[in-house]
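A.B. asks: So the chains spell out like this:
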Amino acid sequence: MAVINIEINGKKISKEVPDNILLSDFLRERLTLTGTHVGCDTSQCGACVVHLNGNSVKSCTTLVADCDGAKITTIEGLASNGKMHPVQEAFKKHHGLQCGFCTPGMVMSAVDLLEKKKNPSEQEIRDWLEGNICRCTGYQGIVAAVKDAASKM
Amino acid sequence: MKSFNFKSATNTKEAAKLVSGRATFLAGGMSLLPAIKLRLAAYSDLINIKKIKGLSGIKVSSKSIKIGATTTHAEVAGSKEVGKSIPSLAVLAEGIGDPQVRNRGTIGGSIANNDPAADYPSACLALNATIHTSKRKIAADKFFKGMFDTDLKKGELIESIEFEVPEKSAYAKYPNPASRYAIVGVYVAKLKDNVRVSITGAGSCVFRSIEIEEALSSNFSPSAVDNVNISSKGLNSDIHASAEYRAHIIKVMTRKAVSSC
Ligand SMILES: Cc1cc2nc3c(=O)[nH]c(=O)nc-3n(C[C@H](O)[C@H](O)[C@H](O)COP(=O)(O)OP(=O)(O)OC[C@H]3O[C@@H](n4cnc5c(N)ncnc54)[C@H](O)[C@@H]3O)c2cc1C
Ligand code: FES
Ligand code: FES
Numbered sequence: 001m002a003v004i005n006i007e008i009n010g011k012k013i014s015k016e017v018p019d020n021i022l023l024s025d026f027l028r029e030r031l032t033l034t035g036t037h038v039g040c041d042t043s044q045c046g047a048c049v050v051h052l053n054g055n056s057v058k059s060c061t062t063l064v065a066d067c068d069g070a071k072i073t074t075i076e077g078l079a080s081n082g083k084m085h086p087v088q089e090a091f092k093k094h095h096g097l098q099c100g101f102c103t104p105g106m107v108m109s110a111v112d113l114l115e116k117k118k119n120p121s122e123q124e125i126r127d128w129l130e131g132n133i134c135r136c137t138g139y140q141g142i143v144a145a146v147k148d149a150a151s152k153m
Numbered sequence: 001m002k003s004f005n006f007k008s009a010t011n012t013k014e015a016a017k018l019v020s021g022r023a024t025f026l027a028g029g030m031s032l033l034p035a036i037k038l039r040l041a042a043y044s045d046l047i048n049i050k051k052i053k054g055l056s057g058i059k060v061s062s063k064s065i066k067i068g069a070t071t072t073h074a075e076v077a078g079s080k081e082v083g084k085s086i087p088s089l090a091v092l093a094e095g096i097g098d099p100q101v102r103n104r105g106t107i108g109g110s111i112a113n114n115d116p117a118a119d120y121p122s123a124c125l126a127l128n129a130t131i132h133t134s135k136r137k138i139a140a141d142k143f144f145k146g147m148f149d150t151d152l153k154k155g156e157l158i159e160s161i162e163f164e165v166p167e168k169s170a171y172a173k174y175p176n177p178a179s180r181y182a183i184v185g186v187y188v189a190k191l192k193d194n195v196r197v198s199i200t201g202a203g204s205c206v207f208r209s210i211e212i213e214e215a216l217s218s219n220f221s222p223s224a225v226d227n228v229n230i231s232s233k234g235l236n237s238d239i240h241a242s243a244e245y246r247a248h249i250i251k252v253m254t255r256k257a258v259s260s261c
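The listed protein sequences correspond, in order, to chains X and Z. Take the first sequence: its position 105, counting from 1, is numbered 105 in this note's numbering, and each next residue is one higher. Take the second sequence: its position 183, counting from 1, is numbered 183 in this note's numbering, and each next residue is one higher.
Everything labelled a hint here was simulated from the structure, so no lab data went into it. Heads up, a few of these hints could be off.
[As the list claims (entries may be wrong)] Mimicking BS3-like on lysine-lysine, the simulated pairs with C-alpha atoms at most 27 Å apart in a straight line are:
1) 116/X to 50/Z
2) 80/Z to 117/X
3) 145/Z to 66/Z
4) 145/Z to 12/X
5) 145/Z to 71/X
6) 50/Z to 71/X
All chains should be built: construct the whole structure from the sequences, respecting the hints.
C.D. replies: Set out below in C-alpha cells:
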C-alpha cells in the first residue's frame with residue numbers, strides 16, 4: 001500500500017492504494033468513473049484508453065502506483081460546461097457508435113490523435129485506431145466522425 | 001492480479017539493490033503486466049526503472065545512435081534524429097503494436113523480453129548493435145539466446161542500445177493483422193564492412209540469414225534472393241502461418257526491404 005497523488009479530470013486526489021491495482025480498476029471501482037470500460041483486460045481492445053500526461057494509454061495495463069504525480073483525463077473529463085467535446089459531437093452525428101461499449105476508448109484515442117495531428121488522412125486515422133476494436137459499427141462511422149471532428153478542432 | 005510490491009528506483013545502483021530475490025524490473029509494463037495477469041509470471045517486487053535519470057533519450061553521432069533503455073517506441077518513431085540517420089529504425093518503431101503500446105512500451109523492455117515475434121531484436125542484429133548494461137557491453141550477436149531468453153544475468157539492467165549507422169537499411173514486416181507482431185519481419189542493412197540480414201517472427205528466436213547475406217553481398221538487389229533456398233526446417237508453424245509459408249514470406253519481405261533501401 002502507498003499513498004498516491006494524482007490529478008484526475010482536473011481534480012487532485014490523494015488515496016492509499018494497493019501496489020498491484022490497475023488504473024482501470026481504480027477509476028471504475030474506487031472513483032466510480034465507470035465511463036472507462038474494460039473489454040478484454042488483456043491489452044488488446046482499447047476500450048480502457050485514457051490519457052496519462054497527455055498521451056493515450058491502456059488503463060488496464062497501467063498500475064496506479066506508476067501514475068504517482070501524473071495527470072489523467074478520462075472520458076468523463078472531455079465535456080466542458082455541459083458541452084460535448086467536438087469528437088463526442090461528431091461520433092453522435094456520424095453514428096460512430098452502436099452499443100457504445102468501445103466508444104469511450106475510441107473517443108479518447110481519437111482525441112489524442114487530433115491533439116497531435118491537425119488534419120489526419122483517412123489512412124492515418126485508421127492506422128491510429130489500430131488498438132481500438134469495435135464489434136458493431138464496421139468503423140466507417142467512426143472514421144467519418146474523426147475526420148469531421150478534425151475540421152472543428 | 002497477483003500481489004506484488006511496487007518500488008521506484010532513482011538510479012541504477014538502487015535498481016540493482018532492489019532487484020534481489022523474486023523481484024524484477026518494470027519498464028512500460030506492456031509485456032510484463034499481461035504476463036502477470038495471465039499468471040505466466042509472478043514476482044514479489046516490481047522495480048520501476050522509468051524514474052532513473054539518464055536511462056531515457058537518444059544520442060546521435062556520425063557512426064552510431066545510442067538509445068536509452070526506457071525510451072518509448074513513440075519517442076523513437078517520432079525522433080527527427082533517428083528518422084534522419086537510420087530511418088528504417090523509426091519505421092520499425094512506428095509499426096509496433098498500436099499508439100497506446102508505443103506510448104508506454106520501451107526499447108529496453110522489448111529486447112530484454114526477446115519475444116520471438118518482436119521487432120527490435122531484428123534491428124539489433126542487422127545494425128550490429130551493442131547492448132550496454134549495468135555490468136558490461138554485449139554484442140547483439142551474443143545477446144539473443146533463444147525464445148524469451150537473453151544473455152542478461154539476474155539483476156543486470158540494460159542501460160542503452162547502440163546501433164551502427166548503416167549506409168542503407170530497411171525493415172519489412174508481414175504483421176499479424178490483430179497484434180501487429182511479426183509473422184515474419186526482415187531487417188536488411190548495408191553496413192560499412194558487410195551486409196547483415198536478420199529475421200524475426202519466423203523462428204523461436206530472431207536470427208541472421210547467412211545465405212541471404214551472402215547473396216546480397218555480391219549483388220545488393222531484390223532479385224539477388226531469387227535463387228536462395230530458404231529451408232522451412234525449424235521455422236514456426238502455428239494458426240497464423242505454416243513453416244513453409246514463413247520460408248516463402250522471408251524471401252518476399254527481403255525483396256521488399258531491399259527495394260525500399
Ligand atoms: C497489444 C500489444 C501489441 C504489441 N505489438 C508488438 C509488436 O507489433 N511488435 C513488438 O515488437 N512488440 C509488440 N508488443 C510488445 C511491446 O513492444 C512491449 O513494449 C515490449 O515487448 C516490452 O517493453 P516494456 O517496456 O513494456 O517492458 P516491460 O513489460 O516492463 O518488461 C518486459 C521484460 O523486460 C524486463 N526489462 C524491462 N526493461 C529492462 C531493462 N532496461 N533491463 C533489463 N530488463 C528489463 C522486465 O523485467 C520484463 O521481464 C505488443 C504489446 C501489446 C500489449
Ligand atoms: S480492456 Fe484494456 S485494452 Fe481491452
Ligand atoms: S459500438 Fe459496439 S463495440 Fe463499438
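A.B. asks: Among all the numbered hints in the text so far, which are the ones the structure does not match?
C.D. replies: As far as the earlier hints go, 4 and 5 are violated by this structure, in ascending order.
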